[in-house]
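Just so you know, the protein sequences line up as chains X and G, in that order.
Counting along the first sequence from 1, when you hit position 207 you're at 1696 in our numbering, and nothing is skipped either side.
Counting along the second sequence from 1, when you hit position 74 you're at 91 in our numbering, and nothing is skipped either side.
If you're looking for bench data, these hints aren't it; they were derived computationally from the structure.
A couple of the hints might just be wrong.
[Unchecked claim] Straight-line C-alpha distance at most 16 Å; calculated EDC-like pairs for lysine to aspartate or glutamate:
hint	chain 1	residue 1	chain 2	residue 2
1	G	Lys-185	G	Asp-249
2	X	Lys-1820	X	Asp-1683
3	G	Lys-48	X	Asp-1498
4	G	Lys-48	X	Glu-1538
5	X	Lys-1532	G	Asp-268
6	G	Lys-48	X	Glu-1521
7	X	Lys-1820	X	Asp-1848
8	G	Lys-117	G	Glu-333
9	X	Lys-1716	X	Asp-1727
10	G	Lys-185	G	Asp-157
11	X	Lys-1860	X	Asp-1734
12	X	Lys-1716	X	Glu-1754
[As the list claims (entries may be wrong)] Label pairs and their calculated CB-CB ranges:
hint	chain 1	residue 1	chain 2	residue 2	range
13	X	Ser-1761	G	Ala-279	54 to 62 Å
14	X	Leu-1870	G	Ser-200	52 to 60 Å
15	X	Arg-1619	G	Pro-327	42 to 50 Å
16	X	Cys-1776	G	His-280	48 to 56 Å
17	X	Phe-1512	G	Ile-240	44 to 52 Å
18	G	Gln-27	X	Asn-1536	37 to 45 Å
19	X	Arg-1619	G	Gly-248	54 to 62 Å
20	X	Asn-1536	G	Ile-136	46 to 54 Å
21	G	Thr-207	X	Phe-1512	30 to 38 Å
C-beta atoms are modelled at their ideal positions from N, C-alpha and C, and glycine is treated no differently.
Listed below, chain by chain, are the residues.
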Amino acid sequence: MSVPIIIPDLGATGGDVVLAEWFVKEGDRVHEGQPLFAVETDKAVSNVEAFCHGYLEHILVAAGETVDIGATVATLTESSVATEMQRPPINAESNGPSHLELPDSSHSGAPTANRLHERLNSSTVFASPRARRVAAEIGVDLKYITGSGANGEIHERDVHRSAEQLGTSLAGARIAEVPQFCASIEIDVSDVVDLQKRIAETSDERGTQAVSVSDFILAATARALRKVPALNARLLGDGVEYLEDVEIGLAIATEQGIRIASLHEADRLTFSEVVSRSRHLIKQVTCPGLPEAAVSGGAITVFNPEIFALDQFTAVIQPSYAAALACGAVKARVVPRDGQLVIRAIMHATLSVHRQVDDGVAAATFLKLLKEQLESPYGLLMGLRSVLS
Amino acid sequence: LITSRIVNRQQLLAIYRRMSLIRQYEDYLYKLFLQGKVPGTLHQCQGQEAVAVGVCENLRLDDVIFSTHRPVGHMLAKGVSANSISAEIWGKATGCAGGKGGQMHLVGASVGAMPSNAIVGANIPIATGAALGFLISGSDRVAVSFFGDGAVNIGAFHEGINLAAVRKAPVVFVCENNLYAASTHVSLTTLIEDLAERAAAYGIPGETVDGMDVLAVYESAGIAIARARQGDGPTLLEYKTYRYPGHSRGDPGNYRSQEEVAHWKARDPIDRCRAVLTADFSCTTEELDQVDDECLTEIKQSVQFAVESPDPNPNEIKTSVFKDRRSVK
Chain X
1490 MSVPIIIPDL GATGGDVVLA EWFVKEGDRV HEGQPLFAVE TDKAVSNVEA
1540 FCHGYLEHIL VAAGETVDIG ATVATLTESS VATEMQRPPI NAESNGPSHL
1590 ELPDSSHSGA PTANRLHERL NSSTVFASPR ARRVAAEIGV DLKYITGSGA
1640 NGEIHERDVH RSAEQLGTSL AGARIAEVPQ FCASIEIDVS DVVDLQKRIA
1690 ETSDERGTQA VSVSDFILAA TARALRKVPA LNARLLGDGV EYLEDVEIGL
1740 AIATEQGIRI ASLHEADRLT FSEVVSRSRH LIKQVTCPGL PEAAVSGGAI
1790 TVFNPEIFAL DQFTAVIQPS YAAALACGAV KARVVPRDGQ LVIRAIMHAT
1840 LSVHRQVDDG VAAATFLKLL KEQLESPYGL LMGLRSVLS
Chain G
18 LITSRIVNRQ QLLAIYRRMS LIRQYEDYLY KLFLQGKVPG TLHQCQGQEA
68 VAVGVCENLR LDDVIFSTHR PVGHMLAKGV SANSISAEIW GKATGCAGGK
118 GGQMHLVGAS VGAMPSNAIV GANIPIATGA ALGFLISGSD RVAVSFFGDG
168 AVNIGAFHEG INLAAVRKAP VVFVCENNLY AASTHVSLTT LIEDLAERAA
218 AYGIPGETVD GMDVLAVYES AGIAIARARQ GDGPTLLEYK TYRYPGHSRG
268 DPGNYRSQEE VAHWKARDPI DRCRAVLTAD FSCTTEELDQ VDDECLTEIK
318 QSVQFAVESP DPNPNEIKTS VFKDRRSVK
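The shape of chain X in the complex, shown without the other chains:
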């Protein structure tokens, strides 16, 4: 006869219980006390052991499926299926399954496993409960994430990294739910353009790198963020984590869509380091075959798609980020200056901010600082590090 193997009541405090992994397969001989499968609850991953000797008859629930407490996930027989007729029962006298039969007093009618998590059903995925929750929220399939933990276990940071790499398409599900507001400012970047031209002139002679307006925006963002700590944050679950270093997500347009690469410790970089690092990131993201760009959840993403010549636009906030800065193309505009009409290089910057980190003051302060930096960009050429020291 066969006996059911169930999900015991492991004392989870709520939420889903997932059958994480099978250690045995159908037909295997199992011994009392041998781990049969792993169960993941909101508390921990636990191994469930066989309560008697026997052979695993049928596996009814595949790894990765969500199960109810008390659900039957497999059956055990006293004898091997193949040799059922000849083989004597294992330890029929003392340890056979039938000896443990008792009226079922605690669970009336074991529920069968439900299949809520279809997307997890084909292969075993090791992931922390928190990583699973975040992945479900963002809508990222754990199967496609490479874990950085022990034995490849997926942690929350891996989910965020993956979400960033996959770009806005997958983040879309979450974007609709992000409570955000936007603030815009017009910035006169004539001096940036002028400086950029002069650097370009000297680079030809000295072989140094050409710089772009984006580089100035990144450097100015790093400084402004350093002075507005309220925005230098990221969202973790329902909470806000304030960051020590300034991490900027650089939005890079690729054929597959927008990718986000992270500029680490951006506030500690010299201007030339900002230039070389961002070039390197763009190369990593756009050229397949190179090692993947290092990415992790930062505070702010910067979008500056100059090639599209947009006047101004609003950027979506990436998962876990606090804000997104969208910079339009630099265009020549006629503006009043000192009672006269002059032609200046104008750019519109729009900041989208998560409502959870700011009610508006920080965003306004940030944009004001950004404007000041870019309208008088010479200080940006000095690294922030040297300014501080």
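Given chain X's structure and the hints, the job is docking chain G onto it.
Chain G only, in chain X's frame:
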């Protein structure tokens, strides 16, 4: 023979039977738990049997013990019936607490097992209070407080032991140091290696003993209990032991290495007791297996008794919960 100085054959066989009963009871409950047949939670004590049995074998029926959230071993060792324990775990009217207590709140007042207290360290001053009661009433009864390594940094530990020390209360403080307070290793919370050193702070004797050797436990507890009974005051005993399973159901115990678990299982108190019985007292394997079988039969019958017992009467929900006001003097 060294062992015969401590116990005779009959005594050691009785000790073996108790330890076998506890081990097999816990193992059997665990198997039923895996089948979803045990209501409520489980805090199991496999590996710690020698402490419960070695201490309680020295006690008289009218001596009292105070236990913890892991009480099954202590209760069986003090003589509480398997039937009343099983029925309590199954929440039945025939349970030792009428089905109101569950696994963490076992009791057997008629055999001196006071209601177990799941609050860490809480029973220490209560045991002191019971012992002071014995002292004041001129009785020679003794109280024993069982607690884990997690209790030694609880305020009640200090208060309870200090008061017992200054009043020379007839109580023995038994620390079962199984190295982990739930999942926290003792070295993360306490800098001294031997917790019995704390005794010096209270001016009482303290001794650290191998808690996996039931004869060592029996001998050391016997001395401490005799001291208490003679009016010489309390002793702090620390038994180095280990619980094989996790803290409770659903605790995979992943904070411990497999090597560590194997190290302690190699010193299994029941295996060692069997070895002494066969080597020093010429017991046969068959004889000891028969003891095991008898214990398992008793255990299975107790669970059958529990399952078949009636549920508590809802009208008696307040019975034994509040003291009847009229009886308060």
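A quick look at each hint next to the structure:
Proposed proximity of Lys-185 (chain G) and Asp-249 (chain G) is supported: the alpha carbons are some 6 Å apart, at most 16 Å. Pair hint Lys-1820 (chain X) plus Asp-1683 (chain X) holds up; C-alpha atoms about 13 Å apart against a cutoff of 16 Å. Distance check on the hinted pair: Lys-48 (chain G) and Asp-1498 (chain X) sit about 13 Å apart at the alpha-carbon level, within 16 Å; holds. A C-alpha spacing of about 9 Å is found between Lys-48 (chain G) and Glu-1538 (chain X), which places the hinted pair at or below 16 Å, so the restraint holds.
Annotation: proposed proximity of Lys-1532 (chain X) to Asp-268 (chain G) holds, straight-line Cα distance about 9 Å (limit 16 Å). The suggested pairing of Lys-48 (chain G) with Glu-1521 (chain X) holds, with an alpha-carbon distance near 9 Å, which does not exceed 16 Å. Under the criterion of a C-alpha separation no larger than 16 Å, the hint pairing Lys-1820 (chain X) with Asp-1848 (chain X) is inconsistent with the structure, at around 31 Å. The suggested pairing of Lys-117 (chain G) with Glu-333 (chain G) holds, with an alpha-carbon distance near 10 Å, which does not exceed 16 Å.
Distance restraint check for Lys-1716 (chain X) and Asp-1727 (chain X): the Cα-Cα separation of roughly 25 Å exceeds the 16 Å cut-off, and the hinted pair is therefore not satisfied. Under the criterion of a C-alpha separation no larger than 16 Å, the hint pairing Lys-185 (chain G) with Asp-157 (chain G) is consistent with the structure, at around 13 Å. Distance restraint check for Lys-1860 (chain X) and Asp-1734 (chain X): the Cα-Cα separation of roughly 22 Å exceeds the 16 Å cut-off, and the hinted pair is therefore not satisfied. Our distance criterion of 16 Å between C-alpha atoms is met by Lys-1716 (chain X) and Glu-1754 (chain X), whose separation comes to about 14 Å.
In this structure the hint that Ser-1761 (chain X) and Ala-279 (chain G) lie 54 to 62 Å apart at CB holds, the actual value being about 58 Å. For Leu-1870 (chain X) paired with Ser-200 (chain G), a C-beta distance near 54 Å keeps the hint of 52 to 60 Å intact. Remark: the range hint 42 to 50 Å for Arg-1619 (chain X) to Pro-327 (chain G) is upheld by a beta-carbon distance near 45 Å. Distance hint check for Cys-1776 (chain X) and His-280 (chain G): the Cβ-Cβ separation is about 53 Å, which falls inside the suggested range of 48 to 56 Å.
At about 48 Å, the CB distance of Phe-1512 (chain X) to Ile-240 (chain G) agrees with the hint of 44 to 52 Å. At roughly 41 Å, the beta-carbon separation of Gln-27 (chain G) and Asn-1536 (chain X) lies within the given 37 to 45 Å, and the hint holds. Checking the proposed 54 to 62 Å range against Arg-1619 (chain X) and Gly-248 (chain G) shows it holds: the Cβ atoms sit about 58 Å from each other. Checking the proposed 46 to 54 Å range against Asn-1536 (chain X) and Ile-136 (chain G) shows it is violated: the Cβ atoms sit about 30 Å from each other.
Roughly 37 Å separates the CB atoms of Thr-207 (chain G) and Phe-1512 (chain X), a value that falls within the hinted 30 to 38 Å.
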